[in-house]
Structure formats: structure tokens, C-alpha cells
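Number of protein chains: 2
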Amino acid sequence: MNKVITISRQYGSGGREIGAKLAQKLGIPFYDDELIARAAKESGFAEAAFDNVEKRATNSFLYSIAMGMNAYGNQDIGFTHLSLDDQLYLAQTNIIRKVAQEGPCVIVGRCADYILREQENTINIFIWAGMQARKERVIRLYNVAKNKAEDELIKADKRRANYYNYHANEKWGKAENYHLSLRSDYIGIDHAVESIIHYLKSAEGGISRI
Amino acid sequence: MNKVITISRQYGSGGREIGAKLAQKLGIPFYDDELIARAAKESGFAEAAFDNVEKRATNSFLYSIAMGMNAYGNQDIGFTHLSLDDQLYLAQTNIIRKVAQEGPCVIVGRCADYILREQENTINIFIWAGMQARKERVIRLYNVAKNKAEDELIKADKRRANYYNYHANEKWGKAENYHLSLRSDYIGIDHAVESIIHYLKSAEGGISRI
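Chains as they are written, first to last, in my numbering: chain F, 526 to 735; chain V, 526 to 735.
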């Protein structure tokens with residue numbers, strides 16, 4: 526199995542747990558969004574950001590940054606003109622590309638599907654679930670107050686969608702951006718892992734004629 | 526298996542064929558969009574449409590129709606004020622509800638996922654595929670000219686999205702409207718059928734804790 530698997534997920538859908546179990550079953554590394562963010566921060570991200578500005582100038586996110594920079598009248602575009610968030614995003618981009626090049630792995634969140642869109646061995650997964658199941662999950666596992674759970678879920682999804690829509694040129698949660706998308710609460714965590722493995726095995730022969 | 530399975534699909538993704546094979550494997554009836562449309566036409570749809578206007582007055586599609594009618598200053602809302610397309614949609618709605626109540630089946634297209642959204646045993650599937658595979662498929666199977674294939678595909682998808690967005694209060698192709706969404710050209714038609722059966726079997730116990 527020579528695949529890099531990205532997982533995008535609604536908050537409380539079990540997507541991270543599914544990703545972790547999948548990586549364990551496949552015996553490959555697992556990188557969640559917090560790990561990627563921490564790695565980017567620790568790497569000292571100035572260098573990484575410069576690297577990307579040059580490589581990906583046609584990207585509209587970067588184009589808009591560049592436009593902002595030109596407003597400074599500064600042709601010698603400087604890293605310090607980027608917002609901290611944008612610097613961090615660019616550093617994360619490099620970390621994600623690096624781990625994806627090292628070999629098969631599972632990466633959760635951080636627009637990894639978008640960042641790796643040109644890497645042919647990438648398989649993108651989306652996990653979602655019904656509101657009731659997600660509420661129960663975040664109350665049970667993340668200590669969210671019962672009367673605030675729904676509000677928290679809606680806000681978290683909005684943050685994820687905004688993050689994605691800002692950095693990628695795509696809408697978060699469009700079915701055709703994912704090879705496989707699953708509603709997890711109809712089948713449970715373990716069956717979701719199995720479904721993904723089934724898809725991966727079926728995809729091993731390369732693109733099929735349909 | 527007590528499920529009604531709806532299939533939404535991109536043109537040329539093999540979604541109808543996947544649905545037909547799925548129905549055959551499960552030994553349940555298969556209704557495609559053409560069959561539903563023909564049945565609605567043959568049923569004489571005036572009666573069906575009336576029925577729905579009364580039952581579903583909170584639906585925004587119907588609300589907008591009702592607003593249009595009021596412009597006639599006519600409180601006695603008449604069926605003949607509906608466009609032919611809207612009449613046909615309402616008749617199809619009734620056909621879809623009827624077949625879904627008769628027992629397990631596979632229904633392709635016609636907003637069936639939206640129409641049956643309150644019927645708890647419905648499982649919604651979305652099938653899509655890469656542009657190259659879809660092109661090859663429509664050239665091979667539907668006699669579409671090579672140099673017109675991409676254009677035809679884009680237009681057909683737009684028609685499907687417009688039809689859905691007009692009649693449903695939802696965007697076509699949003700991952701969270703489908704229990705399962707699959708990219709078919711990575712795994713082929715038969716594996717896609719198997720993936721769906723795997724999901725259905727996993728879902729048999731009812732909603733799982735996640």
C-alpha cells in the first residue's frame with residue numbers, strides 16, 4: 526500500500542480516531558492537525574514560508590498575500606509582511622509535503638487533501654456524522670457542557686470550513702473532493718476503518734475503467 | 526435489509542450502472558430517473574400535485590410557487606398555475622414516496638435523497654469520478670463525440686445541480702448529504718457495488734455510538 530491518506534472531518538464525527546486506528550491497522554505513521562501545527566512552529570517557519578511564496582505564486586491565497594505586500598511598495602517581498610497565521614500555514618504546507626514524501630501515512634486536517642492534490646498516490650477521506658451522535662461524543666470525550674454542545678459543534682465546523690475555504694481554492698465538504706466520504710454514526714468507528722481499508726484495497730490496481 | 530437506497534451521481538461516473546448492479550445483488554427493485562419520470566407522466570399528475578401542495582406548504586420551493594400564484598390575486602390556488610416542470614416534479618415526488626413505502630429498493634436521481642429525507646431507513650449514496658474516466662465512459666457508451674465529451678459532462682452536471690438546487694433546499698454534491706460517497710474510477714464499478722454493500726451491512730444494527 527503506497528498511499529498517503531488524508532482525513533477531513535466534522536468536529537465530533539470520530540474522524541481523528543478513525544484515522545489513528547486506520548494508521549495502526551496499516552502500520553503506517555499517523556499525523557494529526559496538532560502534531561503538524563507543533564512541528565511547523567518548532568521548525569522555525571520563516572524559511573519554509575519563503576520557499577512556498579516562490580514556488581506557488583499562481584495560488585490565489587498567495588496572490589492575495591502578494592497583493593497585500595505590494596501595497597507596502599516593497600518589491601523585495603519580505604516574510605515579515607505575512608500574518609502569523611499565513612506564515613504558520615505555509616510552514617505546515619512544507620511539513621505535510623515532507624511527511625507525504627517520506628512514505629505512506631495518515632494525515633488528519635490542515636488542508637492536507639488540498640496541499641497534496643497533485644501528489645498522485647493521495648487518497649482523500651471525509652468523515653461526518655449526525656448531530657445527535659456528535660453531541661454525545663463531544664460531551665463524553667471532550668467534556669463539552671451538554672447545553673453548549675450543539676453550539677460548539679456548529680462553531681467548530683465553521684472554523685474548519687473557513688480555514689479550508691481561505692487557504693484552498695475549494696469549498697470544504699464537497700463530495701467530489703474526497704475519494705471516499707462516510708457518515709460514521711451509521712456504522713461506528715471500526716466499520717468506518719474497515720470501509721476505508723476496503724476502498725484502499727480496491728484502489729490498489731490503479732485507476733479502473735468505469 | 527430494510528433500506529431504501531438513493532443514488533445521486535455525476536454524469537458518466539457509472540452511478541446508474543452501480544445502482545442497477547446493487548439492486549440485482551440485493552434482489553430488490555431498481556428505479557432510475559427515466560422510469561420515475563415516465564411513471565409520473567403516465568399517472569396523470571394533476572391529482573398528485575394538488576396532494577403535495579397541501580401537505581408540504583412549508584417547503585420553500587412550494588412557497589415560492591404559492592407566492593407566484595398570489596400574484597394572480599387568486600386565493601383558490603389552482604394546479605394549472607404551476608409550470609409543467611413543477612407539476613412533473615410533484616408527481617415524481619409522489620411516485621418516489623410510493624415506491625419507497627412499498628419496500629427496499631434502489632432509486633437513481635430525481636432528488637430522491639431529498640424527497641425521502643424524513644424516511645429513516647433511507648441511505649443516500651453519491652458517485653463521482655475523474656474527468657478522464659468519465660470522458661472515456663460517455664464516448665464509449667453514450668456515443669458522445671470525443672471533442673464534445675468534456676463540454677457535455679460539465680453541462681450535464683450543471684443541469685443535475687440546478688435541478689437539485691431548485692427543488693431541494695440544499696446544494697447538490699455536499700458530502701454531508703450522503704451516508705457514503707465514492708470516487709468510482711479508483712476502484713471500478715464492481716468494487717463500488719461491494720463498498721456500498723459493505724456500508725449497508727455495517728449499518729444494519731442501527732445508529733452506532735461513535
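The reader is advised that the hints may include incorrect statements.
Any copy will do: because identical chains look the same in the list, a pair fits if it lies in one copy or spans two.
What the hints assert, rightly or not - In silico DSSO-like links for lysine-lysine, alpha-carbon gap of 30 angstroms or less:
hint: 1; residue 1: LYS671; residue 2: LYS623
hint: 2; residue 1: LYS528; residue 2: LYS660
hint: 3; residue 1: LYS726; residue 2: LYS699
hint: 4; residue 1: LYS726; residue 2: LYS660
hint: 5; residue 1: LYS726; residue 2: LYS683
hint: 6; residue 1: LYS528; residue 2: LYS546
hint: 7; residue 1: LYS673; residue 2: LYS696
hint: 8; residue 1: LYS673; residue 2: LYS623
hint: 9; residue 1: LYS566; residue 2: LYS671
hint: 10; residue 1: LYS528; residue 2: LYS673
Calculated from the structure, these hints are not laboratory results. Predicted model only: the values in this text are computed from it and were never measured.
Practice item. Determine which of the earlier numbered hints do not hold for this structure and return their numbers in increasing order. Key: 1, 5, 8, 9, 10
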